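Peer 1: The primary structure of each chain is shown beneath.
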Amino acid sequence: MLDKVSRRHVLAGLGTGAMAAGFVPIAFEAAGASHPTAPSAQQKDRQWAMVIDLRKCDGCKKCTDACQEEHQLPANFEWIKVFQVSDKQGRSYFMPRPCFQCENAPCLRVCPVAATFRAQDGVVLVDQDRCIGCRMCMAACPYGARYFNYVDPPAAASPLAHPATPEFPVPQQKGTVGKCMFCVHRSADGKLPACVEACNMLALYIGDLVEDVATNGEETVRLSTFIKENDAFRYKEDLNTGPRVYYIAGHGQNLEF
Amino acid sequence: MDAKTHELYVDRAMWNIGKTGPLWWAIVAVLGACVAGAAYAWIYQLQRGLGVTGLNQKVSWGFYIINCVFFIGISYGGAMTSAILRLTNAKWRAPITRLAEGTAVVALLVGAVYPLVDLGRPDRFLYLLQYGQVGSPVLWDFVAISTYLIASIVFLYLPLIPDLATCRDKYQGTARGLRGWTYRVFALGWSGEPRQERALLRGIGVMAVLIIPLAVSVHSVLAWLFAVTVRGGWHSTIFAPLFVIAAMLSGVAAVILVIAGFRAGYGLQRFITARHFRYLSYLLIALDAAYLYFMVSEYLTEGYVAEASSGPVLEALFVGAYAVPFWSFVVGGLLLPLVLAALPGRRAIARACVASVLVIGGMWLKRFLIVVPGMAEPLMPWDWGLYQPTWVEIAITIGSAAAIPLGLMIFFFFFPVMSVHEMEEVEGVSEPARPALVSAFAGGGDD
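Top line first, the protein sequences correspond to chains A and B. Under numbering that gives the first Met the number 0, the first residue of the first sequence is numbered 0, with each subsequent residue one higher. Under numbering that gives the first Met the number 0, the first residue of the second sequence is numbered 0, with each subsequent residue one higher.
Everything labelled a hint here was simulated from the structure, so no lab data went into it. It is possible that some hints are incorrect.
[As the list claims (entries may be wrong)] Using 25 angstroms as the maximum straight-line C-alpha spacing, the simulated PhoX-like pairs for lysine-lysine come out as follows:
1. K87(A) - K190(A)
2. K57(B) - K169(B)
3. K55(A) - K173(A)
4. K3(B) - K57(B)
5. K60(A) - K57(B)
6. K235(A) - K60(A)
7. K173(A) - K57(B)
8. K169(B) - K18(B)
9. K61(A) - K18(B)
10. K235(A) - K57(B)
11. K55(A) - K87(A)
No experiment lies behind these values; they were computed from the predicted model shown.
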């Protein structure tokens, strides 16, 4: 019963969100229409989200390594970056930060050429064929989740059989901005994002707000119940950016950073 | 207006046209070398990408954005000085308006190049037209800067028309080719008829009014580039007016230096006197004090609360990593110039020039202290960034600063350095009595 109520609650919330989403990005929709988007990104019946269980993360950075291998990124491109946080009690814990795929994304508003846009599955993508490299989005992002290609990406071990797309922008283009996009190219094949798959501690969950499920590869949970029962929070929630990444605290740390 | 005075004016304003000398060539050579160095550095950067700069994933805006704001600010002061003096009908403006308007255009041309230098993909610059998004501050900048550029060129050109006609008549036999053609065509058949005079006066009046909101809009939009983000030290409601005052302050200082330079170089002492420097110093004092007030208001309201976002930035400025440049700016770039310009007494010109140098240096430093700590501040827990500019950024910065005097010298190689027409116009019109406050500060007579 409780499950049903919370599920309905989440769906109702999504409905309002979808209405708002349909209303706000009018300016981006027109230009976004010409973007090449894979069928996976056009699915409105998926709204990707992530849950990160800070109780489990041991800071091994396997997620970062897997991401860099998947996207052929240099070492300083930490699309999922693991921060070591020392709290006010003097304890420390680890906090991985992917792109939060904000519902009210500041990066999206400031882009002068609509190179960055939201796919219908809720993920914020960058069209590197469009990006002019002004880096306004990097100034706007409150989480430092965006990375600029100052130099050419490292040479690939073997050339890829397909051209780079916003869902799978590999190899990266010099002079443009890139970021985490929840590996939506992998979910099209039913695979987990590279970081989730690589996490030995099973701390990362990829989820879908529509289906209301999330999985770390081992266990599958009901997303709404999971974040509610574990008192999940969203980083800098007061900024009203509406991140789609939830953190589960649990080291006794207070949440003042 | 007797013919003798006219001859004198023409003589003094135009003797330099087409004339060079060892000193002129020496200065042009030094400035030209700096500009060539900047051009080399830019080509080097275009070939290799922004990786040759000191910019990084954390501090992704640096010298180029600082310089863009700085040089457009300089331009703003030139335009505003001229516009305000025209609108308040200050008679003493006549010998300096051309220099002020010229500075406005040249500095703007330099500043407007910087967004292009900063782009990761300058080849896609025109995407701004093709895919422009009205919601983006970058597009606001693009529109505001291009509008203001056109307006400031018109503002320089209109008062130049009668002088172009004078040049056309004076150099009828001697100036051939492109130069003679330029005078002839751009004088637009000016003959000084009352009908033409009326039209010109109206045109200049309209431009003097228009240029003020245009310049205000440009600098406000530049401020919003920062203020619409959630970064500490940037997300501030006072940023637009603060940027406008900063621009005027640095711009008036630049005008003081430009007129001092051309006064000495082109022997204009008879027309540009200590009085001009004192009056411009009053403008400098007012703007300096206004900036101080705005800045205190900003830091007090933000620092008193010290929110999570702005607290670390203010701490870094006041007592942390950026404390030395910050307090150097406050003392050397704001307080000291204020005292130098405000003190009564002799050597008004020298004091105005030293104060202007300090103000200009200080305002560049202040832009650095806005851009870099705002970029370097920790967004995620404790990840302060570092920024170390490379030779590429330094060479481009030096070259672009040199381009302003160089551009002005080249411009005044072809066109009169003072507005002959305007000086004749105000000739014989008595100067309004000094306001009481001004004489209280002014001390002795002209020195």
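Peer 1: Now, for every hint given, state plainly whether the structure supports it.
Peer 2: Verification of the supplied hints:
1. K87(A) - K190(A): violated (39 angstroms)
2. K57(B) - K169(B): With a Cα-Cα distance of about 59 angstroms, the restraint between K57(B) and K169(B) is violated, given a limit of 25 angstroms.
3. K55(A) - K173(A): Violated, because 36 angstroms separates the two Cα atoms, which is more than 25 angstroms.
4. K3(B) - K57(B): Given pair K3(B), K57(B) is violated - Cα atoms ~65 angstroms apart, limit 25 angstroms.
5. K60(A) - K57(B): holds (20 angstroms)
6. K235(A) - K60(A): Holds, because 23 angstroms separates the two Cα atoms, which is no more than 25 angstroms.
7. K173(A) - K57(B): Cα-Cα ~17 angstroms, so holds.
8. K169(B) - K18(B): Status holds; Cα separation ~15 angstroms.
9. K61(A) - K18(B): violated (70 angstroms)
10. K235(A) - K57(B): Holds: K235(A) and K57(B) sit about 19 angstroms apart, inside 25 angstroms.
11. K55(A) - K87(A): holds (20 angstroms)
Taken one by one, the earlier hints fail for this structure at numbers 1, 2, 3, 4 and 9, listed in ascending order.
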